[in-house]
Amino acid sequence: KAGVTQTPRYLIKTRGQQVTLSCSPISGHRSVSWYQQTPGQGLQFLFEYFSETQRNKGNFPGRFSGRQFSNSRSEMNVSTLELGDSALYLCASSLGGTAARSGNTIYFGEGSWLTVV
Amino acid sequence: QKEVEQDPGPLSVPEGAIVSLNCTYSNSAFQYFMWYRQYSRKGPELLMYTYSSGNKEDGRFTAQVDKSSKYISLFIRDSQPSDSATYLCAMSLIQGAQKLVFGQGTRLTINP
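Protein chains in written order, with the working numbering: chain A, 1 to 117; chain B, 1001 to 1112.
This is chain B alone, in the form it adopts within the complex:
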């Protein structure tokens, strides 16, 4: 069993829809949670960074962490075709640690 599980999709939704992306994890020691977006043939770029449980909002993006359930989510409101990419969740034990454990990534397509 992988340390971080993420549904690889693919996920296809119409423009303007609310998108929900999720990851579960098994290591309760993870403290820092991130969401990366990766466009085709590009490197991942950081979208959201959350410490411990709670919510964090940045524009159309909201990240949620539920440590009791070992479950994290990323919500995208008013989705745009430019949001079409692979979304990767990542976790670490230590703030700023470069050893991240990634989920498999979910391929998302927003249809105009």
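Pulled out of the complex, with its shape left as it was, chain A reads as follows:
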């Protein structure tokens, strides 16, 4: 079955611009989360959506936002881009549901490489 699909794979933006990244989860997965990966900070959790509702949020400024659609597809937006926002943005999906569910493996996409100049 198809994995987590992220678009675009690579993009270059100018400081001050905004960017929207898209994620299509594995079919049947209802939980989608986003991570930022940088050489200095590693992988950091941005937020999680389940059934179109934000279920959890990391410690990022309000410039970082996201949403989930009824088909579980998700987008994340970064406004007023800064040089430090240059990173690999990873989307992950899982079945979600109750925390007690077993085998709730989290699958990652290949990421969107964002460069801010």
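Rather than coming from a laboratory, the hints here were simulated on the basis of the structure. On a predicted model such as this, the values are computed, not experimentally measured, just so you know. All clues stand as given, with none of them false.
Just a few of them, taken from the derived set where beta-carbon distance is under 10 angstroms, the chain B residues facing chain A: (1) Gln1038; (2) Lys1042; (3) Ala1090; (4) Gln1098; (5) Lys1099; (6) Val1101; (7) Phe1102.
Glycine is no exception: its CB is placed at the ideal position from the N, C-alpha and C atoms.
Keeping the supplied structure of chain A fixed, place chain B upon it in accordance with the hints.
Structure of chain B alone, referenced to chain A:
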């Protein structure tokens, strides 16, 4: 201090060697422990998933969790050049939670 500490390496070993990768953590509430492998310019893929303390074996890979010491390990036996990648430990409070806390990752190279 980071919540999860992992030696970033790089670590270089000959083919066939036993590799030991480790992470320490400070939050005793973590219950679920994972190891991910990430190849260059790819997303992380789950290798091992362990609940609480104990060992888990899957082929050439063994994951160990020592909650009393807040220390987890991944052992790779009979290492292969194809194992060359960055290995990331990750932890969560709740089973299946998507909010994972990752270590910095250890870059591993297996030399033929």
